[in-house]
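Work out the full structure, taking the sequences as your base and the hints as a guide.
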Amino acid sequence: MTEALLEIRGINKRFGGLHALNDVSLSIRRGEIYGLIGPNGAGKTTLFNVLTGLYQPDEGSFTFNGIDLFRKKPHVVVASGIARTFQNIRLFHNMTALENVMVGRHARAKAGILGAVLRSRRTQHEEAAIKQRAAQLLDYVGISHRADDIAKHLSYGDQRRLEIARALATDPILLALDEPAAGMNSTETESLKRLMQTIRDSGITILLIEHDVKLMMGLCDRIAVLDYGRKIAEGVPETIRTDPKVIEAYLGVAES
Amino acid sequence: MSELLQQILNGLVVGSMYALIALGYTMVYGILQIINFAHGEVMMIGAMVTISAINMLTAAGVELPGPLMLLAGLLIAAPVTMLLGFLIERVAYRPLRNAPRLAPLITAIGISILLQQVAVLIWKSNPRSFPDVVSQQPIEILGASITTVQIAIVVLALSIMAGLLLLVEKTRLGRAMRAVSMNQPVAALMGVNTNRVIAQTFVIGSALAAVAGVMWAANYGLANPTMGFTPGLKAFTAAVLGGIGNLGGAVLGGLLLGLIENLGTGYLVPSEYRDVFAFLVLVLVLVLRPSGLMGERVAERA
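Heads up: the protein sequence lines correspond to chains A and B, in order.
Each step along the first sequence adds one to the number in the numbering used here, with nothing skipped, and position 42 is 931.
Each step along the second sequence adds one to the number in the numbering used here, with nothing skipped, and position 288 is 295.
Just so you know, the hints here were simulated from the structure itself, not pulled from any lab data.
Predicted model, so just to flag it, every value in this text is computed and none were measured.
Heads up, none of these hints are tricks.
Where chain B lies over chain A, by a calculated footprint (3+ residues, C-beta under 8 Å): (1) 958 to 969; (2) 983 to 989.
Each computed DSSO-like pair below joins lysine-lysine, with the alpha-carbon atoms no more than 30 Å apart: (3) K1134/A / K1103/A; (4) K177/B / K1041/A; (5) K1134/A / K1082/A; (6) K1020/A / K961/A; (7) K1020/A / K177/B; (8) K962/A / K1041/A; (9) K962/A / K177/B; (10) K1041/A / K1082/A; (11) K1082/A / K1103/A.
Quick reminder that beta carbons are idealized off the backbone N, C-alpha and C, glycines included.
Here it is, written out as structure tokens:
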């Protein structure tokens, strides 16, 4: 039996009259790549936002790695092991690539404010370790040659990779990627796919939102489909591909 | 020639104090996009507490050389203003974090008036003279005169500013501050405790204000509960001139404003029009280059 890493139960989120998430329940197993697909506005990003503490869900529960994460503050969510990237890239645009990744290490840094100001030996030691780890991660995602460049000057694909490196810097157990392949060409997408597989093989569970159905079918162990805030299907890629409700959500009902 | 040098020296002295205060405005603006108009009053509290502390120490029979006495006063005043800055953020700004931007501006003015009135209750409204602990004997340099206090002001202010820039560029706290100012929700998602970083920003800015307050009072030999208003507004002008949110800009703006004021009143208009000059600068900057000298051009936010 495979253990559930993240249990999402009965999540509801309303924005005024819009029921953005309607009783959504998902269970993500340790070590899998779990895909989330659905038409635009189906609630995929909203689910990420309530999971990571950016929005407050109205009802439901999140249990992650045995911890209750319902309505927790973002930095608490990160500390417990969930990291994410963004659909619209949100880097610290005026910092260097390396500094962006170093910020991600804040979640794991121990030395306090006094040490940071007085530059105690322990802090200096920790800073050096943070810098080294950040450089390793840039290398891992394949952009070490851009380490000292300002983030906003990086190419689009490199910015997406930088976001992944920054998220990995928090030492996540679960990595939530919001459309990492958006705007990439097929070569870039293929290399991103290999990166995601490498990350999974290193022991990190991946929750992935993506529109590229071909990519999803080839990459994910299981897929859930959201439509108008409801989960309409869940299962291995083959069953999702042939599920009539999914086809209907994507293509509309056939005229008879 | 000596006249010009004198005006430049005066400008640098006042300008470095403007710059110290302007840093407080610009740090808070950079991180929260609000103007902390109570900042000038924090500076005033720093000056008043220092005066009381030095008087109490003297009354208690403590004998120290002048500069050490000043330092002792400052070491008592700085924690007070740091606590004050912390409380101002908690009480006046944090509850309004998601409110329209006009709301924290109004609480800022409220806090500012409150602090002035509390100071009047504690210290009465007539000016207090600064204790006679440091020599006001001028030194002659190439025909211009400057006091040791003024030299100390410029040197100390510049070193503090250099220290602050290092803190922001090189340390983890500084990196967190920059991350929060660039994108607060994302910084939180990367594990930065944003509320703590914001509180620390207020605390650091308030410590700088205390230093500036002591300098101001020591330089002019006087302090009173309304003394924070004009330097506060001037420093705000300096921050806008340099590009609000930009630390280097605040330093540049402060020094420039000090020089403009002194050269202007030395050569162009009588010295009663000193303040007119400063605010003329503010108006011109807002009209001609609203993003300031070193500010990034940003799109108008709704």
